[in-house]
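**Q** Chains as they are written, first to last, in my numbering: chain A, 1 to 422; chain B, 1001 to 1293.
Honestly, the hints are just simulated from the structure, not real lab data.
Any given hint could be a false lead.
[Claimed, not checked] The calculated lysine to any residue pairs, modelled on SDA-like cross-linking and capped at a C-alpha distance of 20 Å, are: (1) Lys1061/B <-> Thr155/A; (2) Lys1284/B <-> Arg15/A; (3) Lys1284/B <-> Ile153/A; (4) Lys158/A <-> Gln1062/B; (5) Lys158/A <-> Val1056/B; (6) Lys158/A <-> Lys1284/B; (7) Lys1284/B <-> Thr155/A; (8) Lys158/A <-> Gly1066/B; (9) Lys1061/B <-> Arg196/A.
Computed from a predicted model, the values in this text were never measured in an experiment.
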Amino acid sequence: MEAAISIEGLGKRYRLGQHHGEHSRITEALGSVIRAPLRAVRRRPADAASYLWALRDVEFEIQPGEVVGLVGRNGAGKSTLLKVLSRVTEPTTGQAALNGRVGSLLEVGTGFHLELTGRENVFLSGAILGMRRAEIRRRFDEIVEFAEVGEFIDTPIKRYSSGMAVRLGFAVAAYLEPEILIIDEVLAVGDAAFQRKCLGKLEDVAAEDGRTILFVSHNMPAVKAICSRAVYLESGTVKTIGDAATVVKEYLDDASTNNAEQRWEETGVRPGDDGAQLVAVRVAGADGRPATTIFSSETASVEVEIDLREVPAALSVGFDLYGDDGTLVLRSAQTDVPDRDRPVLRPGLNVIRCAIPPGLLNDGGYTISPRASIHGVRTIFHVDAAVHFEVVYDHGESEFLRAAGRPGVIAPILDWSGSIVG
Amino acid sequence: MTTATPENGHPPAGSGAGAVAPVRIVIRPARGLGALRLGELWEYRELLGFLVWRDVLVRFKQAAFGIGWAVLQPLLLTAVLTIFLNRVAGVYSYGVPYAVFALAGIVPWMLFSRALLTSSGSLVENANLVSKVYFPRLALPIAAASSYLIDFAVSLVVLLAVMFIYGVALTWAVLLMPVFALFALLVSLSFGIWFSAVNVRYRDVSFLLPFAIQLGLLVTPIAYSSSRIPEQWQPYVGLNPMAGVVEGFRWSVTGIEPPSLHEVGLSLGVTLVVLVLGLVYFRKTERTFADVI
Chain A
1 MEAAISIEGL GKRYRLGQHH GEHSRITEAL GSVIRAPLRA VRRRPADAAS
51 YLWALRDVEF EIQPGEVVGL VGRNGAGKST LLKVLSRVTE PTTGQAALNG
101 RVGSLLEVGT GFHLELTGRE NVFLSGAILG MRRAEIRRRF DEIVEFAEVG
151 EFIDTPIKRY SSGMAVRLGF AVAAYLEPEI LIIDEVLAVG DAAFQRKCLG
201 KLEDVAAEDG RTILFVSHNM PAVKAICSRA VYLESGTVKT IGDAATVVKE
251 YLDDASTNNA EQRWEETGVR PGDDGAQLVA VRVAGADGRP ATTIFSSETA
301 SVEVEIDLRE VPAALSVGFD LYGDDGTLVL RSAQTDVPDR DRPVLRPGLN
351 VIRCAIPPGL LNDGGYTISP RASIHGVRTI FHVDAAVHFE VVYDHGESEF
401 LRAAGRPGVI APILDWSGSI VG
Chain B
1001 MTTATPENGH PPAGSGAGAV APVRIVIRPA RGLGALRLGE LWEYRELLGF
1051 LVWRDVLVRF KQAAFGIGWA VLQPLLLTAV LTIFLNRVAG VYSYGVPYAV
1101 FALAGIVPWM LFSRALLTSS GSLVENANLV SKVYFPRLAL PIAAASSYLI
1151 DFAVSLVVLL AVMFIYGVAL TWAVLLMPVF ALFALLVSLS FGIWFSAVNV
1201 RYRDVSFLLP FAIQLGLLVT PIAYSSSRIP EQWQPYVGLN PMAGVVEGFR
1251 WSVTGIEPPS LHEVGLSLGV TLVVLVLGLV YFRKTERTFA DVI
């Protein structure tokens, strides 16, 4: 089967400095001709340093029906790539072949005019995005319903709240029917509930209609939930391409200021006292290796390495888990479990491990503050924010748990039951 | 801009449900001038219609006086010309009252000047579209200019009413009136397409153009007829493309002072040359619009 999108050696070069091309004023253009007539005629390119390759040697293929996420830091070239594929701007080198009709959504509400009513804008934006009038008319009621603008449909959109305008803009795009859909970071707008609805719509579109989708998002849970594969761009080139979960993890590991492990090598600097010293603390993923990104559907673990000279009976070793907003999510220690299950501590170097069960944590950043105490007597050490890691929310099987997650510090799935009364 | 080669016909994106012949688009750096791709513009004719519709709608929604301006402006200009040129300076006309003479020149001129001004600014005005979505860029200046046909239709009614009041009858020449109206639109497009592309890079256009149009009002035989121009210059009157348009339009409606074929032909020739140059410049710079705008 022929690839839906196939990109070969694609590059896009921008001129640095003057944003408005060579000369933004006629006088400048004339001036430079007068000063250096030969150069103007020869059109000798300025030195290479004044160019920036926003994309360079980008190569990959997307098969029909694939949903591919495009991730990368700001300025990595994601938007430029989408612009080239949408034919908004042209590449400097290489080529891209698109097999099928292409719809691109680089902005929510493309072509909206504030003076026009919602109804007028639906038709205008639809036409600009490539829909036929008959098609828009056929889908009109669905679009209005999806956008939840109701009776405001005949009000000029300058009177809309920004949320309403965004909903209407996305609704128009949601009913585009191209074979290849190219979407920029448009899901970052609107309220959480609507974002969830949009993501749901995207999933439906991908699953039911078998359309090829390439989309940019900073919403990693969404990328992981919706995409089969992901492309990681860095400085205009493809850094990694592969299975979405792997790429998302790699990207988050690179992008964050996270540290999966903290060690205190020298005895002199180790937190603690003569009897008990903290050697290391780390967060590990399902495979047991230190990881700064944890998927909430997998079992993660917190490991504390401690050097003991003696083992007091009431020695309690554990950690505090904080959310990024500073909320103390929980405190745990090895003394929480009954005696028979408790890990045995001996003089010397000990590693104790606490399993964080799947389906507990929510999306976001967390820190671990290791601590040890003689229970009820004194604290031996307490290190603030020794490690920091990111959780990607991806647990839960219900179709109502969409990728945009839910509010709250933790997100366990609780049991529900019911009975018919009367 | 990009060489898009839809191999099996080229419907634009999302051209409706149902089985459509597969489309293949190849994006690569364009070399040379590329084709004019007017066929693609035809594929996007519905969008062109929507853009015209939008421009008309927005124009009349934003103005408190709405469509009234299309009536008032030519009338005011006619009044000023009649009072100051006809009564004070003694410029006169053949056969018809001066007010009819002046208005019959002002109506095509207004179509031209406003269509030119708006189409020249159309790309910059729609920068958000140019940088966010693909469609043939030519649609923007064409739609902007065409939307003034509505205003023109209104002012045409005014002209006919004024002629009726002054008792000036139509002749068979009126059948040629639509041709001259479209000619006026063509002149504004030929310059407008060019200027719209220049304006993307050099915003000076938006300062220069209103001034140039003011000069044009005097240089073009609107308040006077070209028969008043010294004889040795008359062969060159047609170099001003609007000269042939205005005089031809005035003749077709009022039946007075038919322009020479030479004048109209020259105007048409100049217009076509400008149109071709404008299109070439537009196509050449089109591929960088989104980067520069």
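**Q** Compare the structure with each hint and give your call.
**A** Structure-based check of all given hints:
For the suggested pair Lys1061/B and Thr155/A, the alpha carbons sit about 13 Å apart, so the restraint of at most 20 Å is met. Simply put, Lys1284/B and Arg15/A have alpha-carbon atoms about 18 Å apart, close enough for the 20 Å limit, and the pair holds. For the hint pairing Lys1284/B with Ile153/A, the CA-to-CA distance comes to about 41 Å; that exceeds 20 Å, so the pair is violated. This hinted pair checks out: Lys158/A and Gln1062/B have alpha carbons roughly 12 Å apart, not beyond 20 Å.
Of the pairs offered as hints, the one joining Lys158/A and Val1056/B holds, with about 18 Å between alpha carbons and a cut-off of 20 Å not exceeded. For the suggested pair Lys158/A and Lys1284/B, the alpha carbons sit about 37 Å apart, so the restraint of at most 20 Å is broken. A C-alpha spacing of about 41 Å is found between Lys1284/B and Thr155/A, which places the hinted pair above 20 Å, so the restraint is violated. Proximity of Lys158/A to Gly1066/B is assessed by CA-CA distance (about 19 Å); at most 20 Å being required, the pair is judged to hold.
Among the hinted pairs, Lys1061/B with Arg196/A is inconsistent with the structure: their alpha-carbon atoms are about 36 Å apart, more than 20 Å.
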